[in-house]
Amino acid sequence: MTTDAATESTRVPRGAAPGRHRSAVVPGAPHRSVRRAARAAALLLAVAAVPAPGAAAATGAVHAGAAHVEGRLPSGATYVMDVPATWNGTVLLYSHGYTPSGAPNPARNGPDGATGSLLLGEGYALIGSSYATTGWAVTDAVPDQIATLSAFSDRFGATRRTIAWGTSYGGLVTTALAERHGDRLDGSLSLCGLVHGGVANWNNTLDPVFALKALLAPGSGMPLTRLPDQRAATAAADALTAAVDSAQSTAAGRARIALAAALHNIPVWNQPGQPRPAPADLDAQQANQYEAVKGLVKVAAFNWRQEAEARAGGNMSWNTGVDYARLLGRSSVREEVTALYRKAGLSLKGDLATLDRAPRIGADRAAVAWMSRTSAFTGRLTKPQLSVHTVGDALVPVQTESALLRAVTAAGTTPLLRQAYTETPGHCTFSPAEQLAALHALEDRITTGAWRGATPDALNSRAAAADPSTPARYVPYRPTPYPRPYDLAHPADRP
Numbered sequence: 014m015t016t017d018a019a020t021e022s023t024r025v026p027r028g029a030a031p032g033r034h035r036s037a038v039v040p041g042a043p044h045r046s047v048r049r050a051a052r053a054a055a056l057l058l059a060v061a062a063v064p065a066p067g068a069a070a071a072t073g074a075v076h077a078g079a080a081h082v083e084g085r086l087p088s089g090a091t092y093v094m095d096v097p098a099t100w101n102g103t104v105l106l107y108s109h110g111y112t113p114s115g116a117p118n119p120a121r122n123g124p125d126g127a128t129g130s131l132l133l134g135e136g137y138a139l140i141g142s143s144y145a146t147t148g149w150a151v152t153d154a155v156p157d158q159i160a161t162l163s164a165f166s167d168r169f170g171a172t173r174r175t176i177a178w179g180t181s182y183g184g185l186v187t188t189a190l191a192e193r194h195g196d197r198l199d200g201s202l203s204l205c206g207l208v209h210g211g212v213a214n215w216n217n218t219l220d221p222v223f224a225l226k227a228l229l230a231p232g233s234g235m236p237l238t239r240l241p242d243q244r245a246a247t248a249a250a251d252a253l254t255a256a257v258d259s260a261q262s263t264a265a266g267r268a269r270i271a272l273a274a275a276l277h278n279i280p281v282w283n284q285p286g287q288p289r290p291a292p293a294d295l296d297a298q299q300a301n302q303y304e305a306v307k308g309l310v311k312v313a314a315f316n317w318r319q320e321a322e323a324r325a326g327g328n329m330s331w332n333t334g335v336d337y338a339r340l341l342g343r344s345s346v347r348e349e350v351t352a353l354y355r356k357a358g359l360s361l362k363g364d365l366a367t368l369d370r371a372p373r374i375g376a377d378r379a380a381v382a383w384m385s386r387t388s389a390f391t392g393r394l395t396k397p398q399l400s401v402h403t404v405g406d407a408l409v410p411v412q413t414e415s416a417l418l419r420a421v422t423a424a425g426t427t428p429l430l431r432q433a434y435t436e437t438p439g440h441c442t443f444s445p446a447e448q449l450a451a452l453h454a455l456e457d458r459i460t461t462g463a464w465r466g467a468t469p470d471a472l473n474s475r476a477a478a479a480d481p482s483t484p485a486r487y488v489p490y491r492p493t494p495y496p497r498p499y500d501l502a503h504p505a506d507r508p
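For the sequence shown, the working numbering begins at 14 and goes up steadily by one.
Because the hints were derived from the structure by calculation, they are not lab data. Treat each hint with caution, since some may be false.
[As the list claims (entries may be wrong)] Think about it this way: if two alpha-carbon atoms lie no more than 16 Å apart in a straight line, the pair counts; the simulated EDC-like pairs of lysine to aspartate or glutamate are:
(1) K311 <-> D251
(2) K362 <-> D377
(3) K362 <-> D336
(4) K356 <-> D294
(5) K356 <-> D296
[As the list claims (entries may be wrong)] Here are the in silico distance ranges between beta carbons for each label pair:
(6) G363 <-> S233: 18 to 28 Å
(7) S233 <-> I459: 47 to 57 Å
(8) R355 <-> T460: 33 to 43 Å
(9) G358 <-> T395: 14 to 24 Å
(10) R355 <-> S474: 15 to 25 Å
Note that beta-carbon positions come from the ideal geometry of N, C-alpha and C, so glycine has one too.
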């Protein structure tokens with residue numbers, strides 16, 4: 014979304030405290046320095062409006078009479094704040110999604126322009142930081158977000174209510190904020206988040222590529238973990254992608270790709286605009302999974318892993334002791350896999366035996382401990398959290414929600430958590446109306462102490478009221494259990 018600097022008003026609302034944080038003020042006859050600041054603000058907004066791969070776009074919308082403030086934290090991270098002229102007293106602290114190493118890293122305070130514009134129109138203040146570094150940056154993201162919240166308070170004074178929210182990797186950051194800084198928040202909203210935590214995420218990412226290598230390229234010698242640099246990660250990703258492409262041309266290969274997809278719980282309906290395959294249309298189901306598997310291999314399974322391993326100081330995932338037959342039995346798409354193997358005349362039992370015999374991968378204990386300490390969750394909430402997921406997410410499968418519920422149940426904080434689902438394919442493909450409905454339901458829980466407004470019907474009603482021009486697709490849904498519940502980490506920290 015582009016912004017016309019000539020029509021922006023970036024005046025600070027009456028009563029805002031002066032401070033050291035930069036703000037651009039556009040009076041009737043601007044000074045040259047003010048015009049330069051306005052041009053710089055417009056440039057930053059234009060850059061931020063182009064989302065990096067895997068990350069959400071900035072809000073990029075400033076209402077008339079609003080304050081737009083940009084600044085830099087001591088860590089080097091930048092922040093952006095938009096406060097409407099009639100602020101309702103609630104600040105929304107937005108944590109953005111994963112930004113790959115080397116990609117542009119602007120500060121972002123909302124998932125998209127349309128949602129941000131609606132929120133500003135309802136009187137919410139929107140804030141967020143860039144995080145000091147890109148990649149698996151949770152050790153920077155959490156303190157940078159808290160520092161941004163402090164900078165907002167210094168600049169604008171006390172808030173009536175503070176809510177943390179975030180999408181994708183930002184859902185992980187949001188949940189970390191909820192567990193570690195609940196005293197600074199009134200509630201949290203995770204959208205399509207990695208709410209199973211870092212250890213489980215990397216284990217779940219290892220399983221499909223392990224199966225693909227063992228069944229499609231057993232003699233290749235390509236590394237799956239302990240990748241020394243991005244060049245090695247790209248080479249491994251390219252080699253496994255080529256094997257997947259070749260396998261897709263045969264019935265046996267397609268069945269094996271579906272098996273790998275099932276180990277990651279990749280759904281058969283997983284991309285925006287994709288027609289939902291008929292229950293008996295195995296070819297369409299598998300074709301959808303094939304594209305999603307390639308996407309996982311090309312980026313997250315190798316290049317993103319390498320960056321995370323560099324931070325953790327080694328390999329933070331393992332499959333020693335994993336029973337892949339049992340894992341398949343827990344998968345949401347196991348019946349499709351069985352049918353494809355039958356159609357190909359291939360022995361599923363034989364391929365599972367091959368996986369059992371393949372050399373397993375052990376973790377580096379120190380790396381597991383780092384990932385567990387920085388990126389795993391205890392489930393010990395102190396304030397309400399609403400976690401929302403699409404049912405057709407291939408990158409962060411909906412089963413991650415059952416992992417979060419398991420942790421929260423074990424911690425005895427279940428009354429503080431509510432989960433909701435949209436019948437939508439793709440990762441983070443929520444409409445603006447659905448996002449506002451979730452926020453309003455969370456606010457209702459904060460105000461009343463009960464989750465009365467978080468049923469699918471209530472959420473759809475809230476969505477229709479917030480923005481009738483975009484879809485409302487909340488449905489009753491219960492995800493299958495997370496496939497590897499015993500290695501979410503934390504107390505064990507074990508390879």
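Legend entry - Ascending list of hint numbers which this structure does not respect: Violated hints (numbers, rising): 2, 8, 9, 10; every other hint is consistent with the structure.
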